[in-house]
Each structure stands twice: as C-alpha cells, then as structure tokens.
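Trainee: The listed protein sequences derive, respectively, from chains L and Z.
Numbered continuously in the numbering used here, the first sequence closes out at residue 840.
Numbered continuously in the numbering used here, the second sequence closes out at residue 840.
Just so you know, these hints were derived from the structure itself, not from any lab.
Just so it is clear, the structure is predicted and the values come from calculations on it, not from any experiment.
Mixed in with the good hints, there may be bad ones.
Same chains, same names: a pair is fine if it fits in one copy or spans any two.
Said to hold, decoys possible - Heads up, simulated DSSO-like pairs for lysine-lysine below, C-alpha to C-alpha not over 27 Å straight-line:
id, residue 1, residue 2
1, K648, K760
2, K707, K726
3, K835, K726
4, K707, K648
5, K633, K707
6, K600, K726
7, K633, K824
2 protein chains.
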Amino acid sequence: MKRLRAKIAYDGSGFAGYQIQPDSRTVQLELMNVLERIHKGQRVQVVASGRTDAKVHATGQVIHFDTPLTIPLAGWLRALNVLLPEDIRIWHIEEVDQTFHARYHASGKTYRYKWDRRQIISPFTRNYLVHVKQPLDVEAMKQAAQALLGTHDFSSFCAANTAVVDKVRTIRRLEFEEHGEELHMVIEGSGFLYNMVRIIAGTLQEIGVGRRKPEELAEILRAADRDAAGKTAAAHGLYLEKVTYEH
Amino acid sequence: MKRLRAKIAYDGSGFAGYQIQPDSRTVQLELMNVLERIHKGQRVQVVASGRTDAKVHATGQVIHFDTPLTIPLAGWLRALNVLLPEDIRIWHIEEVDQTFHARYHASGKTYRYKWDRRQIISPFTRNYLVHVKQPLDVEAMKQAAQALLGTHDFSSFCAANTAVVDKVRTIRRLEFEEHGEELHMVIEGSGFLYNMVRIIAGTLQEIGVGRRKPEELAEILRAADRDAAGKTAAAHGLYLEKVTYEH
Chain L
594 MKRLRAKIAY
604 DGSGFAGYQI
614 QPDSRTVQLE
624 LMNVLERIHK
634 GQRVQVVASG
644 RTDAKVHATG
654 QVIHFDTPLT
664 IPLAGWLRAL
674 NVLLPEDIRI
684 WHIEEVDQTF
694 HARYHASGKT
704 YRYKWDRRQI
714 ISPFTRNYLV
724 HVKQPLDVEA
734 MKQAAQALLG
744 THDFSSFCAA
754 NTAVVDKVRT
764 IRRLEFEEHG
774 EELHMVIEGS
784 GFLYNMVRII
794 AGTLQEIGVG
804 RRKPEELAEI
814 LRAADRDAAG
824 KTAAAHGLYL
834 EKVTYEH
Chain Z
594 MKRLRAKIAY
604 DGSGFAGYQI
614 QPDSRTVQLE
624 LMNVLERIHK
634 GQRVQVVASG
644 RTDAKVHATG
654 QVIHFDTPLT
664 IPLAGWLRAL
674 NVLLPEDIRI
684 WHIEEVDQTF
694 HARYHASGKT
704 YRYKWDRRQI
714 ISPFTRNYLV
724 HVKQPLDVEA
734 MKQAAQALLG
744 THDFSSFCAA
754 NTAVVDKVRT
764 IRRLEFEEHG
774 EELHMVIEGS
784 GFLYNMVRII
794 AGTLQEIGVG
804 RRKPEELAEI
814 LRAADRDAAG
824 KTAAAHGLYL
834 EKVTYEH
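In isolation and in its complexed conformation, chain L is listed as follows (with noise of 0.2 Å):
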C-alpha cells in the first residue's frame, strides 16, 4: 500500500460541502466515486485536513488516500483529473509516508475571505465574493484585527452548537489585501473553530461599515460567548488557500 496526498481546488458553488452526507453533492463523495472506479469497485477512503461548509471554496485543500496500484504520480494526476467533474481539480499529487495524515498533523491553516465593493456586483462573480454596497473602513477593520492576534479562546468566534470543548486557538497573521474594488482578508492560524473565519469576517465587516467600533473586538473576545460577536459571513466569500504540515 502507497499512501498518496494530493493539493486540491474546488468551486464550492455547487456542493453541500466537502464532507459526505445523505442525498447530497459533496466533495469527498466525488472524490470516493472516481477513485472507487480507478480500483474497480473497491471502496478507498479519503481524509482530507478538514471539512468546508456548503458553498465554501478550496484553492489549497490537502487530501490523502492509500492505495495499491501502481501507478505512476503523473498518471494519477491525469487520471483524477478526466474523471473528476470540472469544479473539482487536482493540483499536485506525492507520495508520502504511511504515518502522515491530512488532518491530524496539520500545523496550521490559511484562509481567504473576499469582499466585493462595486456599486453592482458583476454577474460574473456572484458565487466568489461577497457584495458590500456601503463604504468599509479598511483602517477600522485593520485596528480592529490587531486584538485578534495570537493565542486566545475564541468562544465568542464559535458557532454556539459546536461539540468542541478546548476553544483556545492561535492567529498568526491576519492581514488584509485591497486588489481594486476586491477586499480580502488573509487569515492564518494553528486551527480554526467552526464558522470562526466566517463570524471573525462578519464582525470585521460591521466595523468596517462603521455599526461596532474597532475598540470592542477586545471586549468580545473577553466575553467568550457567541452572542457578542457579529453575524456569521456568507460563506462564498471564503477559501481554504492552504494547509501546512510541519516536515
């Protein structure tokens, strides 16, 4: 058995997420389909380093799989990539040791959220950024982003019915990015509790329209409840860019 790890891209647009279930298009059951076919029927497990919501992108999500064909790496990466259906692509596929683990021994994560600032969002980019129409603070939402940094318990950045006891997680960078009338936000941390990138953006963005200060991220993130932060960011805006391993 060869265990196989491959950096993967897809369009969230037309998925229920990443992670299998019932009745549903998901990436990992597209994944488990095509690879199901390469072994003749025969069932292969996919791990990938985390799972992503219903209409999340993944320009850098990081899979592996073990398998007992003996195929070479470029062929692998042609034969994913005519079975699989368009909106998902392989990028790069290796070998790698038995003992590696897509989730596991993931070190760290980097997410980007983008927001659209056109007057009239093009019907070209509906599905990829979010539209903001009224002005944003990108020096209010910097300020704020500042208190964010390092290692603290994000409760108040969790969804409320998360089973996860330990909320503690650290922020290694958050920075933000003007590319024309396109904002984004470039977060990178040890590991991400769940919707935290997507409340983290959502309360940004009410400081950047101005409806919270940038003084209170600090008291927000003191009160460790939910209910103090702002709302959950749509989740097209968001892209999981990377995922590190430490060697």
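We have chain L; now place chain Z onto it with these hints.
Mentor: Below, chain Z without anything else, positioned relative to chain L:
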C-alpha cells in the same frame, strides 16, 4: 411613452442564449418577466442589439424597451437589479429618443474571446475560459489575423445553415492581449455573421497550436466556404463586450 436603453451583463452559463425559445431559460425571458412584474402584468417587448448563443456571456449587451411609467432612472436601475436573477445585471440605464433602436442602430460590436493556457484549468474559471493544453504560438495567430482586417466576404467564417445572403462585413480591430496565463482575442467590427467570432477564434487557435499555417488564412477567406475554416470554438469563451451607436 418613454424609451429606455440599458447596458447589461450576463453570465451565459445558465442560459440557453439571449433570445426567447420554448421551454428554455433565456436572458430575454428573464428581462420580460421582470418588466411584466414592474408593469403590473402588462407585457413589455425588449429589443437587444442582437442575440447571443447558449453559454455565451455579455459584459456590455444593449437593450431597449418602452414604458409609460414615470420611475426615475435610479429607481429603474435599483428595481431591475433587485428583481432580476443574479446572473443578469443592469450596469446603466438612460432615456433615449423614441427613434433609437438597439438592433438597427448598432454601428459596431466588440467581442472578446478568452483562452486559458494553464496546465490544469481552475475550477473557478471552467465556465469562463476555454482551456488549451498545447502551447499557443501567439505571434503566428497575430500574423494570421492581419488577413481578416478590413472588408471581406466572410462566408468561410459563417455557420453553413444561415439565411443571410450578404456576407460582407468589416473587421476594424483584431488584437491579442496576454493576461498572465490567459490569452484574449479582442475583435471589433461593423457586425458579425452567425458564429463568425467563434469560427475565427477556432481557426486562429488551430494556427496557434501549429495545425495550420498563418498564410492559410487568406486562402480560407478566398474560398468563401465554411468547410475551409477551422472548428467553431467553444461558446463559453465568448463575451459580447460593447455595442457602439453613432452619436
């Protein structure tokens, strides 16, 4: 009655084309449905500069319609964009003279054709760029394109099953732009025959990959025979970018 002219965009992916046809989702039908709602159930005819095929996009299509309503222009813009599906957007709307006609008075059109030269096409652009795996010799394509400039009988670049008799058209501009891995062809002319831009794109693509020589283009033009030209390029790479009117 007032005549209003609007500049509109649409993502062609979800449409069977611009023009109304039975049992299909078309841009014209969506526009007429929304105008009928605004006019309390009264049918409103919409005239476009021309039709576009299934999957073909528009970033600058022009339409006109007549209305007895006295809504200010900003109100029209807002109402239409609220009521229309997100894959159609109105960029701009203005009142024009009753004699204006979006189709008859169009004096020129600009189309853009987009290729993607990445090794693996992104899942985010699969409906918007046409993937060409082989390297494209852009200089050869530019050289060949010279033969198309000016006024010619474009019978070789017109779908065989067309009813139009006069196939003489004028191409004023035909340029290539390279945007990273994307290659764009921008073509401007007095008007275009059915499938003309896509047959030109398909033929130039065959020259780009080396299947034909640049010198062949003049011969293809002289043949005045659809079979002499290359394949019709895929619809989803084509964008109607601009319609010009004298004055």
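Trainee: Against this structure, judge whether each hint is valid.
Mentor: Checked hints:
no., hint, verdict
1, K648 to K760, "within (25 Å within a copy, 46 Å between copies)"
2, K707 to K726, "within (14 Å within a copy, 29 Å between copies)"
3, K835 to K726, "between (29 Å within a copy, 26 Å between copies)"
4, K707 to K648, "both (13 Å within a copy, 26 Å between copies)"
5, K633 to K707, "neither (41 Å within a copy, 38 Å between copies)"
6, K600 to K726, "between (35 Å within a copy, 20 Å between copies)"
7, K633 to K824, "neither (46 Å within a copy, 37 Å between copies)"
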